[in-house]
Amino acid sequence: MSRSELEAAALMHRCLDGTASSHDIEALDRLLRTGGPAVGHSVARTVRFEGMLEEAVRTGTSGVPEMPELVSLAPRPWLRFAGGICGAAGLCAVLSVACFWVFAARSPHRPTLHVADAPPSFRAPSPHAVPPRAPPRRLEIADGSVVTLRDGQTVLAVESVSATQVVVGLSRGQAYFDVARRPERRFRVRAGTVEVEVLGTAFTVDRSTPGAVAVTVDRGVVRVTSPAGERLLRAGDEGLFQEGVALAAIDASPRTPRRVVPASPSGAPSVPLGRRTGAPRSEDTAKALLKTAVDARAVGSPAEAAIALRTIVDRWPGDPRAPYAAFMLGRVLLDDLNRPLEAAQTFASVLRLDPTTPLAEDALAREIEAWSRAGRAALVRERARSFLSQFPNGLHAEEIRAIVDVR
Amino acid sequence: MSAPAILQGKGSVLDRAMTSDRHEHFLALFLPCQGDLRAFMRSILWDRARCEDVFQEVALVLWRQFDRYDATRSPFGAWARGVAANVAIKHLQRDRRAPMALSPEAIEAIQETFDDLEGAGDTATEEALRECMRRLPARSQALVQLRYRHALNLSDIAARVKSTPDAVQKALTRVRLALQACIERRHRALRGTP
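Chains as they are written, first to last, in my numbering: chain V, 1014 to 1420; chain W, 185 to 378.
In case anyone wonders, no lab produced these hints; they're calculated from the structure.
It is possible that part of the hints are untrue.
[Claimed, not checked] Chain V stretches covered by chain W per the calculated footprint, using a threshold of three residues with CB under 8 Å from any CB of chain W:
1. 1034–1044
2. 1050–1056
3. 1319–1325
4. 1368–1376
[To be verified] Straight-line distance between alpha carbons at most 20 Å, and here's what the computed SDA-like set of lysine to any residue pairs gives:
5. V:K1304 / W:R206
6. V:K1304 / W:L213
7. V:K1300 / W:Q218
8. W:K274 / W:L244
9. V:K1304 / V:G1331
10. V:K1300 / W:W247
11. W:K354 / W:R372
12. W:K354 / V:T1032
13. V:K1304 / W:P216
14. V:K1300 / W:A212
15. V:K1304 / W:E289
16. W:K274 / V:P1371
17. V:K1300 / W:E241
18. W:K346 / V:D1030
19. W:K274 / W:D231
20. W:K354 / V:E1020
21. W:K354 / W:H371
22. W:K354 / V:L1066
23. W:K354 / W:R323
24. V:K1304 / W:Q240
25. W:K346 / W:R323
26. W:K274 / W:E292
27. V:K1300 / W:E236
By construction, the Cβ of each residue, glycine as well, lies at the ideal position given by its N, Cα and C atoms.
Work out the full structure: start from the sequences and follow the hints.
Next comes the structure, spelled out in C-alpha cells:
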C-alpha cells in the first residue's frame, strides 16, 4: 500500500472513532479528491472491514468470548454461603421448603451485575429498545442453574426445588435461564399458562408483553407446553406463545432459507422458520420477520405473512421497520385477505408509528381506499380532506380530489 | 355510496402504484446490497448510530422512489448509493450537531470506488475474520468487545481499561492491522501463495 493509502485508512479510522480533528478531515478530503482511485479503495476497504468487524462482534458470531479478563463477577458472599449449604445438604431439600425467593422490583439487596455479564439475549438492544430500569440481577439455584433477571421489573419465584424437580414461576418481565445439565431432574418454568421444560440448556423467557410469552433458546432443547399444544424449540429458535395460542417461531438468521409449514397441530397459525445466529435482538427478529412475511406472501400464505407483520408492529413498534411492516400488513389485509376494515386501521397506524415516514402519503391513500371498500363513506370523505390538506400536490392527489368532488 | 372505480379493484391507479410484486422485487435487489450501502454511508456519516438512523430513512426513500430506478442505466447498488449520498448530505446539512463533513467531491470519489468494488465482499473473508478474532490476545478481544459490541467511545473505553483515549486508539489500530494482516495471511494460505 502506498503512503497516501495508509494515511487515508488511518484518517478514516479516526473519523469512525470520532477522534478526527478538523485538520484530519481536511487531509482526508484532500487525499480523496486528489489521490486517485487507490485512495478511495483504501477508504472503502477500511469502512467495509469496520462494518464486517462490527457485525461479527455484534451478532456474536466472532467467536470472541464476552469481555474476557476485564470483567469478572464475584458471587456475592450470601449466594456462596447458600450454595455451600445446599450442596452439603444434598441438592436442596432445604431449599424446597425454605427458598421461596421473590425478586420484587424494589429489592434493597440489588446485586451489582455488570452489563457485560448479562446473557446474550439481553445484550445489544436495538437503538429503539427501552433501556432496563435497573441492572440485571442474578440468582444461583443450588443445583448449579443460574437465572438472570433482566431488570427490577421482573418478578420471579422459585416455587419448588428437589432432587427430581425445580419449578420456577415467572410472573412478569424477562429472565434468562442457564440450566445445569442433570438428567435426573426436571427443570420447569411456568409463565402463566405457558410452561417450558428443559434438561440442560440456556434460554430466555419473556413476559414483557401482556398476554404473550416469548421463549428464546441459546443452547439445548426445550419443550414448551401451552393451551395451543406442545412444541420443541432448539438452540437458535425463538417461539412466541400467547396465553392460549402459539403465535410463531422466529428465525432471525439472515442466511438460512425460510420455510413455511402448515399450521400447528392445535390449528393455531404457526411459522417455525429455522435458526438464528447469535443473540436475539429486536432488530434481528424484526428483520427476519419482515423477510418471513415476504417469503410467506410469495408462496401464497398471506395469513402467515400477516402474523409475522403483526408481530413486528405489536412487539417492536419502536423498530424502524415497524412503519413499513404496518404498511405491508395493510396491503396484505386489503389485497390478499379482503379485510378492508382491519386494513384501514392498519394503514392509519403507519402514521401513528412514525408521523414523518416517507410512506405517509401512500399509507393515507391506501387507508382511504380501504375505508371505501369497507363502505365507510363518511370516513372516506374525512380522510380524503385530510389527505388533500397534507399532500395537495401528492402522487395520489388527483384521484383523492376526485373522491371529494364526486361526493 | 361506493368510491369511484379509479380507487377500486385491479387496474386502478392506486393498485398500479402499489402492485404486489413491487416490494418483493425491491427487496430482492435491496437486501443483497444493504451491507455495502451501510458501509458507504458509514464512510460519509462516520457515527454508527447516526448512520443507522439515516440508513432507515434511505431504505424508505429507495422504496418510495423505486419506480424511478432504471435497471438499464445502472446497477441497483450504484443507484442506491446515489440516493443515499443525497440523503446523507442533506442530513449533514440539517444536523448542526454533526461534525465537519467531507466535501461533495470527496464523497463522489468514495461513491465511485464503491461502484468499482460492488459485490467484492465474500464469505471467506468473514470466515477468516472470525478465525483471526479468536486468536487475538484476551486484552485485544476485550477492546474489540467494548468498541464494537458495547459501542463505547474511546474515552469510555479508556476509563474502563484505566488508560488514555489516545492509547486506546493506538491499541485499536494495532488490533485492526493485526486482523487485516491475519486475514490476508489466511487468504494467501487458501490460495497457496507465499
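Against the structure, the hints:
1. 1034–1044: Held - the segment 1034–1044 of chain V has 4 residues with a Cβ nearer than 8 Å to chain W, which meets the minimum of three.
2. 1050–1056: Coverage by chain W holds for the segment 1050–1056 of chain V (5 residues, Cβ < 8 Å).
3. 1319–1325: Not satisfied, violated; 0 residues make the cut.
4. 1368–1376: holds (count 4)
5. V:K1304 / W:R206: 15 Å, holds
6. V:K1304 / W:L213: Since the Cα atoms of V:K1304 and W:L213 sit roughly 13 Å apart, the hinted pair holds (cutoff 20 Å).
7. V:K1300 / W:Q218: Holds: V:K1300 and W:Q218 sit about 12 Å apart, inside 20 Å.
8. W:K274 / W:L244: 15 Å, holds
9. V:K1304 / V:G1331: Holds - the C-alpha atoms of V:G1331 and V:K1304 are around 18 Å apart, at most 20 Å.
10. V:K1300 / W:W247: Holds, at roughly 16 Å.
11. W:K354 / W:R372: 27 Å, violated
12. W:K354 / V:T1032: 12 Å, holds
13. V:K1304 / W:P216: 12 Å, holds
14. V:K1300 / W:A212: 14 Å, holds
15. V:K1304 / W:E289: 36 Å, violated
16. W:K274 / V:P1371: OK: W:K274 and V:P1371 at ~15 Å, within 20 Å.
17. V:K1300 / W:E241: 15 Å, holds
18. W:K346 / V:D1030: Distance ~18 Å between W:K346 and V:D1030 Cα, so the pair holds.
19. W:K274 / W:D231: Between W:K274 and W:D231 the Cα gap is close to 16 Å, so the pair holds against 20 Å.
20. W:K354 / V:E1020: 14 Å, holds
21. W:K354 / W:H371: 26 Å, violated
22. W:K354 / V:L1066: Roughly 17 Å separates the two Cα atoms, so the pair holds.
23. W:K354 / W:R323: The given pair, whose Cα atoms are some 14 Å apart, holds under the 20 Å limit.
24. V:K1304 / W:Q240: Within the cut-off at roughly 16 Å; holds.
25. W:K346 / W:R323: 12 Å, holds
26. W:K274 / W:E292: Within the cut-off at roughly 15 Å; holds.
27. V:K1300 / W:E236: With Cα atoms ~14 Å apart, V:K1300 and W:E236 stay inside 20 Å; holds.
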